[in-house]
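Asks: Line order of the protein sequences matches chains L and V. My numbering numbers the first residue of the first sequence as 1 and each following residue consecutively. My numbering numbers the first residue of the second sequence as 116 and each following residue consecutively.
Mixed in with the good hints, there may be bad ones.
To be verified - Label pairs and their computed distance ranges (CB to CB): (1) L:T3 with V:I210: 25 to 35 Å; (2) L:S12 with V:R194: 35 to 45 Å; (3) L:L47 with V:N171: 42 to 52 Å; (4) V:V127 with L:P41: 16 to 26 Å; (5) L:T112 with V:K153: 18 to 28 Å; (6) V:S187 with L:T112: 32 to 42 Å; (7) L:T3 with V:T225: 26 to 36 Å.
Keep in mind the hints are simulated off the structure, nothing from the lab. Beta carbons are placed, not taken as given, at the ideal position from N, Cα and C, and that holds for glycine.
Residue-level listing of the chains:
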Amino acid sequence: AQTVTQSQPEMSVQEAETVTLSCTYDTSESDYYLFWYKQPPSRQMILVIRQEAYKQQNATENRFSVNFQKAAKSFSLKISDSQLGDAAMYFCAYAGGTSYGKLTFGQGTILTVHP
Amino acid sequence: DAMVIQNPRYQVTQFGKPVTLSCSQTLNHNVMYWYQQKSSQAPKLLFHYYDKDFNNEADTPDNFQSRRPNTSFCFLDIRSPGLGDAAMYLCATSIPGANVLTFGAGSRLTVL
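Required output: the full structure, derived from the provided sequences and hints.
Replies: Below, the structure written as structure tokens:
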């Protein structure tokens, strides 16, 4: 079975600074996808960024980028120029290549952004 | 805007009293999911529908059932809620073959 581990229950960052959230996973599959989802308080979970395992290039979405280390099974999220609106619970998630949206989530990291 | 809407956002029920949570979507997505998210835990998939085909996760308790009368609506029925069923219930949708999910805002269930 696949597992996803987020070792940082809470993180904090100053506005405009950079923060990195860690995620490791375990799988025996060769085809899979990794995601970071953001869940603001009392609001819906939204996709931040997605990485296909077969792609060596790290995914980037504006201020959000990942460091995907396939051999180490590591998938960290870097948030640059942090904004107050980035404050949320962040979940790392895994989906096997044929699992069609059946996500395995990590425990989540609460990110606080200080003005 | 196309979206996934869950009702009610907050539900309080008594121990053993059946409850139904609803999810509607305007995205016309074929696949709908129900996830359970207990406090400070990772969301856990309960079941999903691919069109009308129902797929139950192996460890989903029998107490949980679901109905999908049409493409737009999906319901989560908890027949006899226990204290351990208190959680946020998340509905999500996707198109077939896609791993990107669109989530609703969730329904928070409290069991007294």
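Asks: None of the hints should be skipped; say for each whether it holds.
Replies: Tested hints:
1. L:T3 with V:I210: 25 to 35 Å: The hint (25 to 35 Å, Cβ to Cβ) holds, given that T3 of chain L and I210 of chain V are roughly 27 Å apart.
2. L:S12 with V:R194: 35 to 45 Å: 42 Å, holds
3. L:L47 with V:N171: 42 to 52 Å: 25 Å, violated
4. V:V127 with L:P41: 16 to 26 Å: 20 Å, holds
5. L:T112 with V:K153: 18 to 28 Å: 22 Å, holds
6. V:S187 with L:T112: 32 to 42 Å: Given a distance of about 38 Å, which is inside 32 to 42 Å, the answer is holds.
7. L:T3 with V:T225: 26 to 36 Å: Roughly 30 Å apart at Cβ, these two residues keep to the hinted range, so it holds.
Figure legend: structure checked against the earlier numbered hints; the only hint not met is number 3.
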